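The primary structure of each chain is shown beneath.
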Amino acid sequence: GESVGLHLPTLSVQEGDNSIINCAYSNSASDYFIWYKQESGKGPQFIIDIRSNMDKRQGQRVTVLLNKTVKHLSLQIAATQPGDSAVYFCAENMNSGNTPLVFGKGTRLSVIA
Amino acid sequence: KAGVTQTPRYLIKTRGQQVTLSCSPISGHRSVSWYQQTPGQGLQFLFEYFSETQRNKGNFPGRFSGRQFSNSRSEMNVSTLELGDSALYLCASSPGGLQSYEQYFGPGTRLTVT
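Residue numbers (this note's numbering), protein chains in the order written: chain H, 1 to 113; chain L, 1 to 114.
Chain H on its own, in the form it takes in the complex:
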């Protein structure tokens, strides 16, 4: 498959364990954040988003935490499965949706069966 990042940080997790993927964002004025998952040969797929007036949001098996004090975002995946293996990107939006998303470099999650 296509490689989206030859030198990405990699997180290896045992199947069934929880995964935590971290992201430091750049702009304290950013008001919206998204996590994307990109599998080999595919475009990024939306996972979960959070607005800056929240510090936690939960989805199905995923939770996003936002710490505005230190400009840090994390994605927690519960009971990690082999299908979760992918590259995960955080993205931030700085101004009410009329400016482009800024993407982080990504983290490769590798699930060990």
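Keep in mind that the hints are not guaranteed to be accurate.
[Unchecked claim] With a Cα cut of at most 30 angstroms, we get these calculated DSS-like pairs of lysine-lysine: (1) L:K57 with H:K105; (2) H:K68 with L:K57; (3) H:K68 with H:K105; (4) L:K13 with H:K42; (5) L:K13 with H:K71; (6) L:K13 with H:K105; (7) H:K56 with H:K105; (8) L:K57 with H:K42; (9) H:K71 with H:K56.
It should be emphasised that the hints constitute simulated quantities derived from the structure, not laboratory data.
Please read these numbers as outputs of a predicted model, since none were measured by experiment.
Given chain H, put chain L in place with the hints provided.
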């Protein structure tokens, strides 16, 4: 609803040639953004079109251009191709109005320049 579609999926071109890539957004979406993805630079924003007008532009040379049609379909063009233009080109659509942040990506066009 059908997702974002991009054509072609794969393309091989020679240095100096030009190329046109196409993107059809999700029905009802008025904003289309283009990104270049490479192993070294990650996802970099090229430009965004909304209602046939370029609304935002990234830091790419003028060889990279785009347009949007009245049906919201978009094309991007790269002229005088260079080896460094080899990348995955991704298109993303969103509803496009104020407070509409969420973007949905297509599968991308893999461009190889030889």
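Pair hint K13 of chain L and K105 of chain H, alpha-carbon separation not exceeding 30 angstroms: OK: K13 of chain L and K105 of chain H at ~27 angstroms, within 30 angstroms.
Pairwise hint evaluation, K105 of chain H against K68 of chain H, where the allowed Cα distance is 30 angstroms at most: holds, 20 angstroms
Hey, K13 of chain L versus K42 of chain H, does the alpha-carbon distance stay inside 30 angstroms? holds, 21 angstroms
Taken at face value, is the distance from the CA of K56 of chain H to the CA of K71 of chain H at most 30 angstroms? Given that 30 angstroms is the threshold and the Cα spacing comes to 14 angstroms, the pair holds.
Run the distance test for K56 of chain H versus K105 of chain H: straight-line Cα separation, threshold 30 angstroms. holds, 22 angstroms
Under the criterion that the straight-line Cα-Cα distance not exceed 30 angstroms, is the pair K57 of chain L, K105 of chain H satisfied? Holds, at about 20 angstroms.
Check whether the Cα positions of K57 of chain L and K42 of chain H lie no farther apart than 30 angstroms. holds, 24 angstroms
Take the C-alpha atoms of K13 of chain L and K71 of chain H, compute the straight-line distance between them, and say whether it is at most 30 angstroms. Outside the cut-off at roughly 42 angstroms; violated.
Under the criterion that the straight-line Cα-Cα distance not exceed 30 angstroms, is the pair K68 of chain H, K57 of chain L satisfied? holds, 27 angstroms
Hint 5 alone, counting from the list given before, is not met by this structure.
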